[in-house]
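A.B. asks: Respectively, the protein sequence lines represent chains A and B.
Read in order, the letters of the first sequence correspond to residues 1 to 324 in the working numbering.
Read in order, the letters of the second sequence correspond to residues 1001 to 1134 in the working numbering.
Source of the hints: derived by calculation from the structure; they are not laboratory data.
Every value quoted in this text rests on a predicted model; they were computed, and no experiment measured them.
30 Å max Cα-Cα, derived DSS-like pairs, lysine-lysine:
| # | chain 1 | residue 1 | chain 2 | residue 2 |
| --- | --- | --- | --- | --- |
| 1 | A | K98 | B | K1089 |
| 2 | B | K1006 | A | K85 |
| 3 | A | K42 | A | K98 |
| 4 | B | K1005 | A | K281 |
| 5 | A | K122 | B | K1024 |
| 6 | A | K98 | B | K1006 |
| 7 | B | K1104 | B | K1084 |
| 8 | A | K267 | B | K1006 |
| 9 | B | K1005 | A | K122 |
| 10 | A | K137 | B | K1080 |
| 11 | B | K1005 | A | K6 |
| 12 | A | K122 | A | K85 |
| 13 | B | K1089 | A | K5 |
| 14 | B | K1125 | A | K85 |
| 15 | B | K1089 | B | K1125 |
| 16 | B | K1084 | A | K137 |
| 17 | B | K1080 | A | K5 |
| 18 | B | K1005 | A | K5 |
| 19 | A | K85 | B | K1024 |
| 20 | B | K1006 | A | K6 |
| 21 | A | K104 | B | K1084 |
| 22 | B | K1024 | A | K226 |
| 23 | A | K42 | A | K259 |
| 24 | B | K1006 | A | K122 |
| 25 | A | K98 | B | K1005 |
| 26 | B | K1084 | A | K6 |
| 27 | A | K98 | B | K1024 |
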Amino acid sequence: MELVKKVLQGDEGSAARLISMIEEGLDEGYEAVSLIFPYTGKAHVIGVTGGPGAGKSTLINRLAASYGRQGEKVGVIAVDPTSAKSDGAFLGDRVRMKDAERVKGIFIRSMAHRGFPGGIAKATLGAAYVLEGLGKKVIFVESVGAGQTEMQVSTICDSVITVLTPDYGDEIQLMKAGLIEIGDIVVMNKMDRTGAAEAAEDIALHLAGRKDNDWQIPVLTIQANKGEGIEKLIATLDLHRRHMRDDAQGKFVRKERMKRLVLALFKEEAWGTLLNEVRAKEGFAGIMGKLQNREIDPYRAVRMILKLALPKKERKTARRSKRA
Amino acid sequence: MGTQKKIKVLIAKPGLDGHDRGAKVVSLALKDAGMEVIYSGLHRTIDQIVNIAIQEDVDVIGLSIMTGAHIPITQRLFQKIREKGIGNKTVFVGGVIPSRDIPKLKEMGVSGVFPGGTPLAETIKFLQSTMLKR
Ligand SMILES: Nc1nc2c(ncn2[C@@H]2O[C@H](COP(=O)(O)OP(=O)(O)O)[C@@H](O)[C@H]2O)c(=O)[nH]1
Ligand SMILES: [Mg+2]
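Using the sequences provided together with the hints, build the complete structure.
C.D. replies: See below:
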């Protein structure tokens, strides 16, 4: 495919177009991904997650500029939420990435999540492949930052940084209770604010007792807007990268993440397909009618819809495979 | 989950001008109309704006200019657009634009001019109908 060839030769315009095609879900886009895929898997893909205003974009700006100065080719994919009301999106992360933009050869792409769950867009992984095909060796993915956990990003990344600030007391509590995932590196940003050092210590103490697959999650204190602590973070990222590439446990985690990703993508695709099919089926409106008249309860309605959607035989095998 | 292509717009603030209220208001209105809007932030050079337009693969570039330098800025933009071979982008200009300058801007290749005070609905309608024609 001509477009793929151009991407592999380093043509930015072609890469940008291809990412749009993947976003639009065009078959041609997915075919191109298959052609690029063999050239991928070596870049360091770094996810940055955390609540709104935590400093994700500011941090990526600093990290990207630093990697760039070391001569690395850097790519950035910054995901922002799609408005559920209008389907539109305001993508403003670039505003904070002006230093990064000055790095030679950097490619920054904003992306609306278009309703995909988990803090990234369906096309984010494809875009990361395209950027690696374009020659980028370090690729940042900024997740939506909607305030809740967004760990889908970990399924497409080698290393995930969770950005906290002293203001995120609740999130810290959730983390400690094991209610949200932590990522691979915790960063306490805005260390110029009161309470940052204490909050960082609090988390570090809590994490000291646990090791995730042979990786002790470090807690670093930084000030992203001034670039404080960035070099230490880069050194930590390098360590984690080596852990993921060389250690048996790291390799295992990578494989597990890949599996989780495909299941998430499958869920999305299957849901869309199945919903369209079952809605068009005779009987669907009837079930809904009965439900709305309170003739049947919601659980029963769901079971009836499932029966309608999946012919008996397929359902049985689906259930059996679940038990296996 | 429409299969219809999303309209992608870059709202850019070129040059020295430090006011971006207008640009943000337009950005949010376009978002509410269902478009994906990339906002550039202040003080952008034309080279940066064109570079962003390429990487973001936008359909539309909207310049917000309040300084009175809209003629030379727009000229530079089209020069750069031709240089980079992205002549397929729709360009519109908003901000403080005297009506006598509108023909000049259109001659350069600007598709729509929306001086301050233009109802937002007009800008939205313009973009939607322009994109339909493509
Ligand atoms: N005081 C302080 N402010 C910061 C720091 N890092 C980022 N900010 C500010 O926090 C705000 C949100 O940053 P941004 O990167 O857009 O957050 P994001 O929503 O997580 O991407 C901006 O105004 C930044 O300038 C920091 O270390 N200290
Ligand atoms: Mg951000």
